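Trainee: Chains as they are written, first to last, in the numbering used here: chain A, 1 to 234; chain B, 1 to 402.
If you're looking for bench data, these hints aren't it; they were derived computationally from the structure. Since the structure is predicted, the reported quantities are computational estimates derived from the model, not experimental observations. Please note: incorrect hints may appear among the correct ones.
[Unchecked claim] Derived DEER-like restraints, expressed as beta-carbon distance ranges:
1) B:T304 to A:S149: 27 to 35 Å
2) A:N76 to B:L300: 46 to 54 Å
3) A:S149 to B:S11: 22 to 30 Å
4) B:L300 to A:V24: 28 to 36 Å
5) A:G136 to B:L300: 26 to 34 Å
6) B:L279 to A:R117: 49 to 57 Å
7) B:G278 to A:R117: 28 to 36 Å
8) B:I275 to A:R125: 55 to 63 Å
[Claimed, not checked] Derived SDA-like pairs: lysine to any residue, alpha-carbon spacing no greater than 20 Å straight-line:
9) B:K7 to A:R103
10) B:K7 to A:G118
11) B:K7 to A:N102
12) B:K7 to A:E123
[What the hints assert, rightly or not] To give an idea of the chain B side of the interface with chain A (calculated C-beta under 10 Å), a few residues:
13) E4
14) R15
15) A147
16) I316
17) E320
18) R321
19) Q322
20) I365
21) A369
By construction, the Cβ of each residue, glycine as well, lies at the ideal position given by its N, Cα and C atoms.
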Amino acid sequence: MSDGPPLVSFAGVTRFYGEGGGLVRALAGVDLTIGKGEFIAIMGPSGSGKSTAMNIIGCLDRPSSGSFKFLGVEVNQLSQDQRALLRRNFIGFVFQGFNLLNRTTAIENVELPLIYRGTPKRERRERALEALHLVGLQGRERHTPGELSGGQQQRVAIARAIVTGPLLLLADEPTGNLDSQRSHEIMELIARLNGERGITVVMVTHEPEMADFAHRTIRFVDGHIASDGRKQAA
Amino acid sequence: MLWETVKLAMSSIRRNVLRSVLTLLGIVIGVGAVIAMVTLGNGASSKVQENLAKLGSNMLIVRPGQTTFGPGGSTDARSFDERDVAALKNELSGIRGVAPTAQKQMKVVFGALNYDATVTGTNSDWFTVQDWVLEDGQPFSETELRAGSSVCVIGATLTRELFAGQDPIGERLRIGSFSCEVIGRLAAKGQSAFGSDQDAVLVLPLRGYHRRIAGNTRIGTISISVTEAADIPRVQRHAEDVLRERRRIVPGEEDDFTIRDLTQILATMASTTAILTGLLGAVAAVSLLVGGIGIMNIMLVSVTERTREIGIRLAIGALERQVLTQFLVEAVVLALFGGLIGIAIGLGLAAAGAAVMDVPFNADIRVIALAFAVSALTGVIFGFFPARRAARLDPIEALRRE
Ligand SMILES: Nc1ncnc2c1ncn2[C@@H]1O[C@H](COP(=O)(O)OP(=O)(O)OP(=O)(O)O)[C@@H](O)[C@H]1O
Ligand SMILES: [Mg+2]
């Protein structure tokens with residue numbers, strides 16, 4: 001699994017927000033390499049730059065300086081549309097706050113990335129149903145987010161992220177709003193996607209219990225990586 | 001992909017029915033008003049034209065004095081006499097006939113029944129010139145014309161009112177102290193351009209009219225029917241020369257009579273219609289502009305309101321172009337819906353108006369197609385700016401917005 005360029009590599013990545021007196025340093029020179037097939041947990045106090053790093057990995061945001069390569073490609077030099085194509089074809093993102101379309105049924109939400117890929121209707125339906133089954137939401141296809149519980153919405157968001165068969169699954173606090181029973185279900189699902197499908201997973205979590213599912217844990221403090229450790233013999 | 005985008009747009013329109021309906025309103029009202037007005041206008045002008053055509057085709061109307069067109073006119077100018085008519089008939093070429101007329105509204109009596117009719121003294125050319133069809137009987141013979149015999153031909157209204165549809169031929173009618181024998185009956189023609197009943201008419205030889213009814217030999221109007229429409233100006237000039245000579249008008253002096261061309265009047269009406277259509281077009285443009293600004297306003301609000309949705313779409317891998325197309329298609333679909341509803345309402349109003357005003361309901365497919373196209377164009381033009389704004393959003397910024 002170590003052939004070719006790494007999936008993700010950061011070299012001296014910084015990210016600043018605002019300007020002048022209100023300048024905020026969200027990332028302060030981060031070096032990081034993520035290989036294919038890894039299952040990584042990112043931890044750290046609030047405001048330490050976890051989401052910022054995730055957005056950069058997800059090709060949604062760009063570093064202020066430093067180099068960020070995705071599959072060996074310098075993303076900083078890509079246009080907005082080219083980055084959209086990277087997201088579309090390689091990345092599934094589970095956002096911190098679900099980010100589902102309101103008043104839109106679960107199955108339509110899950111189909112959305114496939115629509116933009118131009119997948120034909122029949123195949124789209126099949127794959128969306130499959131993804132919803134995988135996250136255990138059979139029978140809820142026609143429910144809108146407003147009619148689903150937090151855990152169910154989180155699972156729709158995961159189904160939407162995996163429906164395209166991405167190389168990389170990014171999940172920003174996927175269990176943030178869930179009770180521990182549901183959290184475990186979600187984590188087992190994610191672990192299964194990593195183990196059985198070989199999807200690389202990077203997830204942000206505050207709970208050590210959830211981080212335990214991962215094979216590698218990176219700790220952010222104040223825009224730096226404070227520690228980066230692998231579990232022995234996972 | 002486009003079809004997917006259309007479906008996407010439709011579902012987003014459906015999710016916001018009230019907002020969508022309000023957006024449509026401007027276009028609905030604009031298109032509806034224009035369609036209703038243009039359709040009614042078409043109906044009205046085609047009715048006027050049809051009525052004018054009923055007066056007779058390729059017709060020149062000669063009247064004494066510098067009068068304006070219409071019933072009545074000045075009476076102080078010298079009227080025409082039979083020799084004027086004879087001169088015109090002899091000298092003009094390319095004509096179907098020359099008909100002098102003198103007329104008066106009078107009560108026509110048959111037994112216990114009576115009816116107000118236009119009693120007209122004329123010659124046998126009158127039938128040709130005015131496009132009358134004899135349904136039964138015969139026109140005046142040369143002898144009858146020369147003698148001014150007491151014979152008459154009656155219009156459909158008189159046949160109906162006085163004879164209850166029974167055969168009037170051979171019956172005698174009384175007009176004042178004068179009585180005449182019915183020798184023919186005319187086919188119905190309907191209302192004139194001025195709304196009077198052309199069929200309430202009784203025709204008799206001019207000399208009989210002069211002697212027995214008018215008590216003078218004046219001729220109020222001479223109608224000339226020209227064979228070829230293209231020949232009308234020439235015949236008109238020629239007739240003017242003939243009459244000037246007969247009436248001894250010296251060069252440089254103005255005519256003391258008027259020759260009017262019915263086709264010229266039709267042309268005037270047509271240009272009036274064109275001006276009207278132009279005005280309607282301006283009204284249409286303004287109302288569509290208002291409708292378009294409405295669409296733009298709502299789409300801008302919608303872009304702001306749906307920033308997060310756009311962020312989600314972009315984050316998931318939508319290209320700028322795809323978001324642009326979605327919003328553009330949404331605007332166009334909205335505008336087209338508005339256009340369709342407007343067309344339906346406009347046609348409905350026009351149909352109702354046509355029934356009330358008693359004009360034909362003339363729906364013009366070209367106007368409808370144009371209204372439809374303009375609605376779509378409004379959507380494109382006024383949807384573009386908001387759509388581009390949506391497409392250029394930064395996904396991260398958009399997602400942070402609640
Ligand atoms: N768009 C932005 N504009 C200004 N400042 C920002 C923006 N996004 C993040 N920040 C700042 O950057 C820093 C890092 O934010 P980030 O969202 O990465 O933290 P986080 O580790 O994900 O925190 P949490 O655990 O609360 O989600 C914070 O100080 C935050 O206020
Ligand atoms: Mg965060």
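Trainee: So, as I understand it, the hint says A369 (chain B) touches chain A; can you test that by seeing if any CB pair is closer than 10 Å?
Mentor: 32 Å, violated
Trainee: Is 46 to 54 Å right for how far apart the beta carbons of N76 (chain A) and L300 (chain B) are?
Mentor: Distance hint for N76 (chain A), L300 (chain B) is violated at roughly 32 Å.
Trainee: Taking the closest Cβ pair, is E4 (chain B) under 10 Å from chain A?
Mentor: Holds, because the Cβ-Cβ distance from E4 (chain B) to chain A comes to roughly 6 Å (cut-off 10 Å).
Trainee: Taking the closest Cβ pair, is I316 (chain B) under 10 Å from chain A?
Mentor: 5 Å, holds
Trainee: So, as I understand it, the hint says I365 (chain B) touches chain A; can you test that by seeing if any CB pair is closer than 10 Å?
Mentor: 35 Å, violated
Trainee: Quick one: are S149 (chain A) and S11 (chain B) within 22 to 30 Å, going by C-beta?
Mentor: 24 Å, holds
Trainee: Does the Cβ distance between L279 (chain B) and R117 (chain A) fall inside 49 to 57 Å?
Mentor: 52 Å Cβ-Cβ, so the 49 to 57 Å window holds.
Trainee: With the threshold set at 20 Å, check whether the alpha-carbon distance from K7 (chain B) to G118 (chain A) stays at or below it.
Mentor: Holds. K7 (chain B) to G118 (chain A) sits at ~14 Å (cutoff 20 Å).
Trainee: Holds or violated: K7 (chain B) with R103 (chain A), Cα cutoff 20 Å?
Mentor: Holds, at about 15 Å.
Trainee: Hold the hint about A147 (chain B) up to the distance rule: shortest CB distance to chain A must be less than 10 Å.
Mentor: 92 Å, violated
Trainee: Restraint: R15 (chain B) near chain A, CB-CB cut 10 Å. Satisfied or not?
Mentor: Where the cut-off is 10 Å and the nearest Cβ of chain A is about 5 Å from R15 (chain B), the hint holds.
Trainee: Has the hinted range 26 to 34 Å been met by the Cβ atoms of G136 (chain A) and L300 (chain B)?
Mentor: Since the Cβ atoms of G136 (chain A) and L300 (chain B) sit about 41 Å apart, the hinted range of 26 to 34 Å is violated.
Hints 2, 5, 7, 15, 20, 21 from the list above are not met by this structure, while the remaining hints are.
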